[in-house]
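A.B. asks: Sequence:
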Amino acid sequence: SPLGSMTATAATAATTVATTVATTVATKIGNKGKVTSLLVFILLLKPAVAAGIPRSHGPGQWPGPTRARSSEVGESDSLVPVVSVPPGPDNLVHAIAYAKTLKKNENVSTVRIQLQPGLHTIEGHKPVQIQGPDLPTLVIEGGSVGSAVISGGVVVQGWEVREDMGAEGAIFEAPIPPQLNASDIGQRLQMWRMDDEDDSHGGGDDGIGIGAAGDAIHRVRRLTLARSPVLHYTEATSSAIVFEGQDVSDNYYDMANVFLVLYERWTSMMNLITSVDWWSSTVFLSVPTFSTSDWDGGGSRYYVQNALEHLDEPDEFYIDALLGKILLFTKSVKDIPKRVVVAIPNQLITIEGNPTQPVRNVSFVNVSFAFTSVERECVISGCHGQGAADLTTAMVHLMYATDVHFHRCTFAHTGQYAVYLNTGTVNCSVTHSRMYDLGAGGLVVAGGMGHNISDNQITDGGWVWQMGMGVLTRSVNELTVTHNEVSFLRQTGISIGWTWGYGPGDSANIEVAYNHVHDIGLGFLSDMGCIYTLGHLPNTRIHHNLCQDVQSFGYGGWGYYLDEGSRDVVLESNVAVRTKCAGVNQHYGTDNIIRNNILYDVNVGDVKTPGRSYIMYPGRCDEVIVSDQTERNISTCDPNKKPSADCCCYPGCDMAMCSSATVDTNIVYLSKSRNMRNQSSFQGARWYHAFDNFTFDKNVYFAEGREPSLSRFFNDSSLNQHEPRHAMTLFEWQNSGQDAASVWENPQFVSSNGTNFTVSPESPALKLGFQQIDLTRLGPRSKLS
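Its first residue numbered 1, the sequence shown is counted upward by one per residue in full-length UniProt numbering.
These aren't lab readings, by the way, just hints derived from the structure by calculation.
Check each hint, because a few of them may be wrong.
Said to hold, decoys possible - Below, a list of computed lysine-lysine pairs in the BS3-like style, where the Cα atoms sit at most 30 Å apart:
1) Lys-338 - Lys-325
2) Lys-104 - Lys-126
3) Lys-608 - Lys-331
4) Lys-126 - Lys-325
5) Lys-672 - Lys-767
6) Lys-698 - Lys-672
7) Lys-103 - Lys-126
8) Lys-338 - Lys-126
9) Lys-126 - Lys-100
10) Lys-672 - Lys-608
11) Lys-767 - Lys-698
Claimed, not checked - The following label-pair restraints were derived from C-beta to C-beta distances:
12) Ser-109 - Val-750: 51 to 57 Å
13) Gly-158 - Glu-123: 19 to 25 Å
14) Asp-390 - Asp-591: 26 to 32 Å
15) Ser-760 - Gln-129: 57 to 63 Å
Please read all numbers here as calculations on a predicted model, not as lab measurements.
Even for Gly, the Cβ is constructed at its ideal location relative to N, Cα and C.
Throw the hints in and build the complete structure from the sequences for me.
C.D. replies: Given below as structure tokens:
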């Protein structure tokens, strides 16, 4: 294992001497009968004996390149230099510098950098920086997927038994690796272990669990930073909480580094403890920005973390910055830790130009990226923005970069997001890649235009920043998010837009299609959806997506969520299944089209989840389709006043009355087992006039086992505490001017198990203009294996 004990070969190959033999080889290449000569530079690398790991080549020592034809980089008739990079610390840095030299001295336009199998480690805290106008076109490639790993991980060595507790387990200790900065709390929050029993896995194991088989998520376990169970405060302000009983101590070991993880509604925050007043049971927080919430938002929940006193379960760890020790709780004294990894840098790769000279034409193919630490500044400042948007970087960070592409890459074991496309990025892509074990989420797209995010697997996120999303976008134009599988996150799957209200938007021309988003929320946070929009989004189309199994902690486990000011969004030919709350929720917005969708057994209420083991909403949450405005502010807008320049639809005014959407040609289906448990209305709102500007028509509604003339399933405002109104029957709803051509009939799905959403040729939906939804192209068109 490159990160474990060195092999005999690697131990003797600590330094290399390059001898270049230039040979001209006449080679016949079948290219339209053309005979060409291929100049090959053969590198003979002679090992020299030295102790330790292979050293990187210093300046002027990098061996010369081979020359080969490469149709992959579009230069089939020219000789492209190929630089072969051995594993080791910072060798990639020298290879990039060497590529610049080739461009300068030989006027080379393209260089291929081939990463040999093994670990290409980052020395120290600085990432590999790809920048400068002197770069040629770079193609950085591994061999088989996962065989070449760019890693920020360091193995912890020197484990000894600290305490044997018999059947309860054991605590091992080891010295902090010299690369780890003990004063940086961001480096002390994560640790991973590779199980010894997984040694039998083949396929290019690199010693940290990323092998060619691509099964790393099953082979490397993220360990848990010592923490308390989930607790509940009795009172809270922005700067303090009042705890129960003896839930919090006033005398923790290394008190300055103990923090609370506090749940808000759609976010959580880490907040260091300033002090504890035992007599009043009050914890004073270092960052006075905590947003308290009600019972079904944050639930008054918190826990204590990074406290030695809570190192009490197997797979928990604690890094003692005062004594320079790492402690690990294992199942027994025989459960000896061997391969345990900590992450040092919080970035592995930065590709950054400037507004006048962007970095251009860089591609990564078949490369794995592993192990980054947590952004220290965000821990200290208590970052808790929506989507963890206040994180400033990621494992791979781009700014002012054009035509940068990641294809068939793996991103794993991060302290934040995997990829960040920041300001000034143009025509970049992440395709056919896999992201998992994520400190926050998968990708942030925070600027630029022309990006393509497609055919990726994004899963298992929110381990540090629980509000991390699968794909978080803002301030972007011409974006494609298609054929991705997004799953097992604690917040929203795909988020589009970043302006609140009816002011000017920051994003446009976006397509979100053929994505499979499932197992979202997991009961940890509230207020989320599989796909979420925000603000004015001209020419944005969301179509042919499948949303399954959304479970928020409290309110707001929706399928498709059009949040504040969503405008000009076309939501078409999507399916939602088993969402806790509504299949479609429009908080408020205007000029949206909700058309040709299937909402199948949505609004199911709570099921037990990892984040919430108890039931708060049995059987239902809200309704199938929700317009979720709050009460009107009659001091600024009379409830009966029509929208105008000084009332509604404009920033600063109440937004509810002008909220509008066209809802047509959809299928709403509630199975008998579903609707008999707890009656769910088809439409509902918290505001009496919420649907006044909506247009409903040509929809098919069906609740198996219910009689339409007796079922008040329409325009339900019974959730309004101040102005409740019972819902209407379909007949009454149609008499009010809505759903004139709609019917209450069985849509006749060809399958009754809720997995095939094709309707039969005799379906009443087809007669009303419904188009079959083809989900056979759903998700990645090829997956890494």
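A.B. asks: Indicate, hint by hint, whether the structure satisfies it.
C.D. replies: Do the hints match the structure? See the list:
The straight-line distance between the Cα atoms of Lys-338 and Lys-325 is roughly 16 Å, inside the 30 Å bound, and the hint therefore holds. Taking the CA atoms of Lys-104 and Lys-126, the gap is near 25 Å; set against the 30 Å cutoff, the hint holds. A C-alpha spacing of about 27 Å is found between Lys-608 and Lys-331, which places the hinted pair at or below 30 Å, so the restraint holds. A hinted pair counts as satisfied when its Cα atoms are at most 30 Å apart, and Lys-126 with Lys-325 qualifies at roughly 24 Å.
With a C-alpha separation of about 24 Å, the suggested pairing of Lys-672 with Lys-767 holds against the 30 Å cut-off. With a CA separation close to 23 Å, the supplied pair Lys-698 and Lys-672 stays within the 30 Å bound. Note on Lys-103 and Lys-126: the hinted pairing holds, with a Cα-Cα distance of about 25 Å set against a maximum of 30 Å. Distance restraint check for Lys-338 and Lys-126: the Cα-Cα separation of roughly 27 Å lies within the 30 Å cut-off, and the hinted pair is therefore satisfied.
A hinted pair counts as satisfied when its Cα atoms are at most 30 Å apart, and Lys-126 with Lys-100 qualifies at roughly 20 Å. A distance of roughly 22 Å separates the Cα atoms of Lys-672 and Lys-608; the hinted pair therefore holds under the 30 Å criterion. Among the hinted pairs, Lys-767 with Lys-698 is consistent with the structure: their alpha-carbon atoms are about 9 Å apart, no more than 30 Å. Distance hint for Ser-109 and Val-750: a CB-CB separation of about 55 Å, consistent with the stated range 51 to 57 Å.
Hint check: Gly-158 to Glu-123, Cβ distance near 20 Å, so the stated range 19 to 25 Å holds. For the pair Asp-390 and Asp-591, the supplied restraint of 26 to 32 Å holds, since their beta-carbon distance comes to about 31 Å. Restraint check, Ser-760 to Gln-129: a C-beta distance of roughly 59 Å satisfies the suggested window 57 to 63 Å.
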